[in-house]
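*Asks:* Please take these sequences and the hints and turn them into a complete structure.
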Amino acid sequence: MTKQVLQELIFHKESKMSDKEEIRNLVEKYADAVCRRDEADWASTWTEDAIWDLSSMPPVKGKKEIVALWVQAMSGFPFAGQLIQNGTVEVDGDKASGRWYITEHLQFAEKDDQGKPTGMFNIGVYQDKYIKINGEWLFSERHYGVLYNDGGSGNMSGTVNPYPDLID
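If you're matching positions, the sequence shown starts at 1 in the numbering used here and goes up one per residue.
Honestly, the hints are just simulated from the structure, not real lab data. One or more of the hints may lead you astray.
Calculated pairs, DSBU-like style, for lysine-lysine (alpha carbon to alpha carbon, straight line, at most 30 Å) [stated by the list, open to error]:
(1) LYS111 - LYS20
(2) LYS61 - LYS20
(3) LYS116 - LYS95
(4) LYS132 - LYS111
(5) LYS63 - LYS129
(6) LYS63 - LYS20
(7) LYS132 - LYS61
(8) LYS64 - LYS95
Label-pair distances were calculated between CB atoms; the ranges are [said to hold, decoys possible]:
(9) ASP94 - GLY115: 25 to 35 Å
(10) ASP165 - ALA68: 23 to 33 Å
(11) SER55 - ARG24: 17 to 27 Å
(12) ARG37 - ASP92: 17 to 27 Å
(13) ALA68 - GLU28: 16 to 26 Å
Small disclaimer: the values here were computed from a predicted structure and weren't measured. From the three backbone atoms N, C-alpha and C, an ideal C-beta is built for every residue, glycine too.
*Replies:* The structure is reproduced here in structure tokens:
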């Protein structure tokens, strides 16, 4: 193996690692925007023709439509905390795919019979597709599956769901 070939291999590996780190930053920016309720930052993570699939409703296509749904959904949660757990990323040029586990703590706007806040705890998985546009990684697809939902009990006595089918 020549020195030039070795240098090219090292550069390629470093480039892939850099791409993976940039994608991780994208995922973290998304979750951070959820926690801060920052519509502009959250919107900036999507491509114009993106798909957002929450599995509980038909997938939403288009950045404008996705952001409108997010704003509507967030209005029902005085508090929303989304925490990124472990994940994987596979890079192929200017396209990539990934899988990220998250936990969500959500407080509902509705109160219980005693006027106390209610909420729920989720553990879920996002299966993503990314595309690099003008040097920036963005979500082209996010497919969310709920792995666990406590049904508002707060005591881990909720429903465990089967792992969602993998996307292509």
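*Asks:* None of the hints should be skipped; say for each whether it holds.
*Replies:* Taking the hints in turn, this is what the structure says about them:
no.: 1; hint: LYS111 - LYS20; result: violated (42 Å)
no.: 2; hint: LYS61 - LYS20; result: holds (25 Å)
no.: 3; hint: LYS116 - LYS95; result: violated (46 Å)
no.: 4; hint: LYS132 - LYS111; result: violated (43 Å)
no.: 5; hint: LYS63 - LYS129; result: holds (15 Å)
no.: 6; hint: LYS63 - LYS20; result: holds (23 Å)
no.: 7; hint: LYS132 - LYS61; result: holds (19 Å)
no.: 8; hint: LYS64 - LYS95; result: holds (22 Å)
no.: 9; hint: ASP94 - GLY115: 25 to 35 Å; result: violated (52 Å)
no.: 10; hint: ASP165 - ALA68: 23 to 33 Å; result: holds (27 Å)
no.: 11; hint: SER55 - ARG24: 17 to 27 Å; result: holds (23 Å)
no.: 12; hint: ARG37 - ASP92: 17 to 27 Å; result: violated (34 Å)
no.: 13; hint: ALA68 - GLU28: 16 to 26 Å; result: holds (24 Å)
Of the numbered hints listed earlier, those contradicted by the structure are 1, 3, 4, 9 and 12.
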